[in-house]
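*Asks:* For reference, the chains in residue letters:
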Amino acid sequence: MTKNPSVAGAAIAVTPARRVSSYLYNHAKARLQLLLAAPVLWLALVYIAALLMLLVTAFWTVDEFTGNTKVAWNLDNIVSLFTDSLYSSVTLRTIGIALGVTLVDIALALPIAFFMSKVAGPKLRNILAISVLLPLWASYLVKAYAWRSVLSNKGVLQWLLEPLGLNTPGYSLWGAAITLGYMWLPYVILPIYGGLEKVPGNMLEASSDLGAKTFTTVRRVIFPMILPSIIAGSIFAFSLTLGDYITINIVGGPNQMLGNLIYTNVGTANNLPMAAALALIPIAIMFAYLGSVRRTGALNNL
Amino acid sequence: MKLSKAKGLVVAVAVSLALAGCSSGSGNNGGTMLDKLGANEKTLTLLGWPGYAEDGSTDKTVDWVTPFEKETGCQVTFKPYGTSDEALSLFKTGQYDAIAASGDATLRLVAGGYVQPLNTALIPSYANVYSFLKNRAWNTVDKKSYGVPHGYGANLLMYNTDVVKPAPTSWSVVFDGASAYKGKVTAYDSPIYIADAALYLMKHKPELGITNPYSLDKDQLAEAVDLLKAQRANVGEYWSDYLKSIQSFETGNTVVGTTWQVIKNSMSTKSHTEAILPTEGATGWSDSWMISSSTKHVNCAYKWLDYIDSPKANAAATEYFGEAPVTQDACQYASDKAFCDTYHAGDEAYAAQIWYWTTPISTCLDGRKDVKCTDYAAWTKAWQDIKG
Chain V
0 MTKNPSVAGA AIAVTPARRV SSYLYNHAKA RLQLLLAAPV LWLALVYIAA
50 LLMLLVTAFW TVDEFTGNTK VAWNLDNIVS LFTDSLYSSV TLRTIGIALG
100 VTLVDIALAL PIAFFMSKVA GPKLRNILAI SVLLPLWASY LVKAYAWRSV
150 LSNKGVLQWL LEPLGLNTPG YSLWGAAITL GYMWLPYVIL PIYGGLEKVP
200 GNMLEASSDL GAKTFTTVRR VIFPMILPSI IAGSIFAFSL TLGDYITINI
250 VGGPNQMLGN LIYTNVGTAN NLPMAAALAL IPIAIMFAYL GSVRRTGALN
300 NL
Chain P
0 MKLSKAKGLV VAVAVSLALA GCSSGSGNNG GTMLDKLGAN EKTLTLLGWP
50 GYAEDGSTDK TVDWVTPFEK ETGCQVTFKP YGTSDEALSL FKTGQYDAIA
100 ASGDATLRLV AGGYVQPLNT ALIPSYANVY SFLKNRAWNT VDKKSYGVPH
150 GYGANLLMYN TDVVKPAPTS WSVVFDGASA YKGKVTAYDS PIYIADAALY
200 LMKHKPELGI TNPYSLDKDQ LAEAVDLLKA QRANVGEYWS DYLKSIQSFE
250 TGNTVVGTTW QVIKNSMSTK SHTEAILPTE GATGWSDSWM ISSSTKHVNC
300 AYKWLDYIDS PKANAAATEY FGEAPVTQDA CQYASDKAFC DTYHAGDEAY
350 AAQIWYWTTP ISTCLDGRKD VKCTDYAAWT KAWQDIKG
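Each protein sequence line maps, in turn, to chains V and P.
Everything in the first sequence is counted per numbering that gives the first Met the number 0, starting at 0 for the first residue and increasing by one.
Everything in the second sequence is counted per numbering that gives the first Met the number 0, starting at 0 for the first residue and increasing by one.
Rather than coming from a laboratory, the hints here were simulated on the basis of the structure.
These numbers come from a predicted model, not from an experiment.
The reader is advised that the hints may include incorrect statements.
[To be verified] With a Cα cut of at most 27 Å, we get these calculated DSSO-like pairs of lysine-lysine: (1) V/69 to P/380; (2) P/78 to P/311; (3) V/153 to P/181; (4) V/153 to P/243.
[As the list claims (entries may be wrong)] So, partial list: chain P residues that the calculated Cβ filter (under 8 Å) puts toward chain V: (5) 82; (6) 85; (7) 189; (8) 231; (9) 235; (10) 236; (11) 237; (12) 250; (13) 251; (14) 376; (15) 379; (16) 383; (17) 387.
Built from N, CA and C at the ideal position, the CB exists for glycine as well.
Isolated chain P (complex conformation) (with noise of 0.2 Å):
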């Protein structure tokens, strides 16, 4: 066995390899923007919540991909996911053409290089998206557009009408006078929810000078924290599953907390509920779709981008899931007529007081130079310390 050191070395050295493989991971510096369309490349893998891009392969009568696939020639590939975070990892991979993402997804998205600055000339939809949705925190970076708006919605207040009176008009009842309803309140299930109780102390408490939910610093960040330590006291459970929120809600169990609009539409007629957006406003969503920086198929990529702003399967797609539609043309192409004004499309006074989940990074969105603020690592670790 005389080879058997120099086997050892080639050993240690593919480990080593192998090693700072997993770790360096891949992500160039941002890509650089596409000055003008070419020809379709034949196919085009989408990552995205679940009912962004259905090919009725759910539910046959629910269908906007295969006339996309017709029109373009693009053949699509969706791959949904369940969070956040786990888009993000799925993205790392580079195997996707392009993303429906989050606000608190997006920038970590664009800090990691992983998607491309968009030339918004080249997608005509675009033009009719509402104004208030372009150029915010959450698709824009250093003036650059990195994303092109589905869908929004805000977290409402949710509470059962036959127990809970008088009817809330504030977050107070489920922060300071949550313990009327010990054991029944809910509360969403993610250290983003960190930032209702921002929002509450916000308003509430003006002296902390909370200017931003998504930017708190290190005392800041202990208030909410210790809200949300005085209101797990009394939540009955935390949800993350909307199926599940709308089962606590019909049995009882829960009688107050944070919901969606769609969850609100889901509930039974019998049941006694209503939701409201609290003066204080409230947080919500607006996801954008975003182009890889080491897609292939950019061409097929920026077809899709403007396909789903286009108001029929932009109607369609938001319809599915329960949110508000990007642009007021895409309201006629609902199949429910009072769609818009249920979400509220288009209505800026009401998209105004949502803030929109944001990625917390240690640069201060609110623009503060003289302070550090907390990261999502510390949220994460903070939301693990509320449950206990």
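The following block holds chain V by itself, in its conformation from the complex (with noise of 0.2 Å):
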């Protein structure tokens, strides 16, 4: 590139790019709304416009003989998802599930949490760090797929438990929770190691010096400064369940969660409106989950 010669010369030539720069040094603010233009018409346009689009057909129709989705509008879908007995139980045992996996998980990232940060020693931190870690280099359906074999009837899991006397859980509503444990187990881990580096190393001597036993420091020092973190650990497992249709499929039996309802009305039954007004469902509650942990502070730990 050869310099521009103008720029040393006194007399600077006003092009149009010169012009709108002037301009734009002088008016701060629609600097800063041309800057944020793109990503805010990105933003509203293709992901929240896209979701509504898709949302509003909840109130729509399906015409019987052609099976397009037609605008008529009307509540059928939405009265049905509380008047019939199958979306109710459903959404139960969905979100049965999501809880169920998300307090295994935090009682399973709590100790492995604690571990990494306040007891292992930097070398072995870092190999804890990459074994959490690794899961998640592999891809989801392997994942599932690899424990459909260890829970299979003559998987890994029945060699283990048989001299017990026990038996694996085999495909069913255990073996999907077990699945779904292991896939959001590292989504949890993450910010409860991170909320528990921030505690600092001496407010636990402090506690101790101070006459509290190991549990008392743990109830009353640690819990109460991670709890944001633990909460953000649960709106992962708890979230990424509520939505889940492909580990029930694969190691469920023939159990269904509210995502196979919604996949089989998109797929199956060509039933757009009503997968939309199913989809509502887990959008609701999770409003609800977001709207009693946001002033915890937990949003601040995603």
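Both chains come to you apart, so use the hints to assemble them.
*Replies:* Written as structure tokens, this is what we have:
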């Protein structure tokens, strides 16, 4: 590139580009608006508008003969969400699994995260961090099918449990919950680990100097400090389970979750309006959940 | 901002137009039959089950599309689909010239006006197709042929010979007697499986008056649903992915349930399984190639329909997928000499026991006029209820 000779000279040519740049220099607000226009447009058009377009079909219906979605405003789909026992039982089952998976993941993540941040040396900590992240490198489907083989009647789990007089849970809701718990564990460990990192070690020492036993320290010092991180982790495990429909298909036996109902309504039933109505359920649950945890500051720990 | 109101109006109109555009859909009224073939166009876009139009890109040795391209000059693009319902929504876009559809999709395609009636005189290989595959409810409407057969097969009963004793001869082992194998029964995961229950009721409860498992009035559907809900308590898992079904049988998680011939053939030799056609008969599929009513490549499409029913291509395609070919001549081109026997090709008595997948519609297919039958939408909802 050669240098522009006019820059050095006293007379600066007034090009349109220069005019624009001097205008922007003098108008800070316009500058900001222009800067934000592209991402906001993206968010509004591509993300929110597309989502709303999809959800608004919940109030439409399907033409029985041609199978096309037609605009005929009605509340039938929403009403059937509340009146049809199928939808309420599947919703309750889905929430149950999501809660179970979340609680188990938190119970597993707490000691692992604590060990990583407070006990392990820097070298071991790195190894642990890598091994927590390692499963994320493998595809979701590969992991689900791996569990399909682990849980099978001739699988590793059966081989381990048989001497104890126990049996593998097989392809069932338990199988699905175990697999989902495995899938989302890293997403729970990482925020809790991050939260524990922020707890200064000398606070734990101070607590014990003042006579607090281990359990009291955990309950009165650590727990209040990392609660937002725990909730942040729970949001991941809970919301990811709420929307899952693949794992339950692979290891869940004959059971179905909300995602399966949505999937069959889009695919098999060709009933996009009903699928959109069903999609409102997890959205409503997540809104309620996020709303209730907003005050804890968990959303700053995501 | 004087213009804002006008602008708002424009936006409102544009949005409502866009919404209307989404909903109205295309689909003209059936189209007309072709009189004679013209020059081949350059391209042909096909939609079909996986493995129905292989050009060597999956497996170098599996290729019956390239010879067709060389012969006709029609460059083929193939798109595979996973379920009949997916096929329907893809085909509605109008991007495809021809489709290989099962009987649970064909009537919906005809009713929607998405496919055109065929002049079978322009398809020479059609003459050699087994007569029991022609002019059937799933490929012929108002005496007009809408599809030429691709291949057919039955949904069989597979069981683990070590566990299921005595050897079953009836579907009762997965219905009334299923509790003996609680948690190890499997069933096909699709609303069309309701027909399997209806077929069982047809034979075992004649008082219900079922004469066609795809033609159920409200009460008959309720009976079938009750039977399937009772079965649900014993089901270990439902399958729609055939690889999943193979694995379940091999690990012993599943010991009895509905299956396809290709699954039986893919089972490892170590597993002790047997697949039979029970005494009640069975449901099955018979796939047809149909031509889009809005195609711009109708000559190439006709050439493809002729080609896929020609002995060599039909043998290659059906053997690769694992189903019976549609002509006797195809048998000699199969790489496995026992191919036609394995799949009972041309065995009319065997074929007569198969109730081929057909789309349930509100007009009763069994000819009853005094009652409305349940349509596929009702079956889909019922299937969700059964799974619970």
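*Asks:* None of the hints should be skipped; say for each whether it holds.
*Replies:* Hint-by-hint comparison with the structure:
no. : hint           : verdict
1   : V/69 to P/380  : holds (19 Å)
2   : P/78 to P/311  : holds (22 Å)
3   : V/153 to P/181 : holds (18 Å)
4   : V/153 to P/243 : holds (15 Å)
5   : 82             : holds (6 Å)
6   : 85             : holds (6 Å)
7   : 189            : holds (7 Å)
8   : 231            : holds (6 Å)
9   : 235            : holds (6 Å)
10  : 236            : holds (5 Å)
11  : 237            : holds (5 Å)
12  : 250            : holds (4 Å)
13  : 251            : holds (5 Å)
14  : 376            : holds (7 Å)
15  : 379            : holds (4 Å)
16  : 383            : holds (6 Å)
17  : 387            : holds (7 Å)
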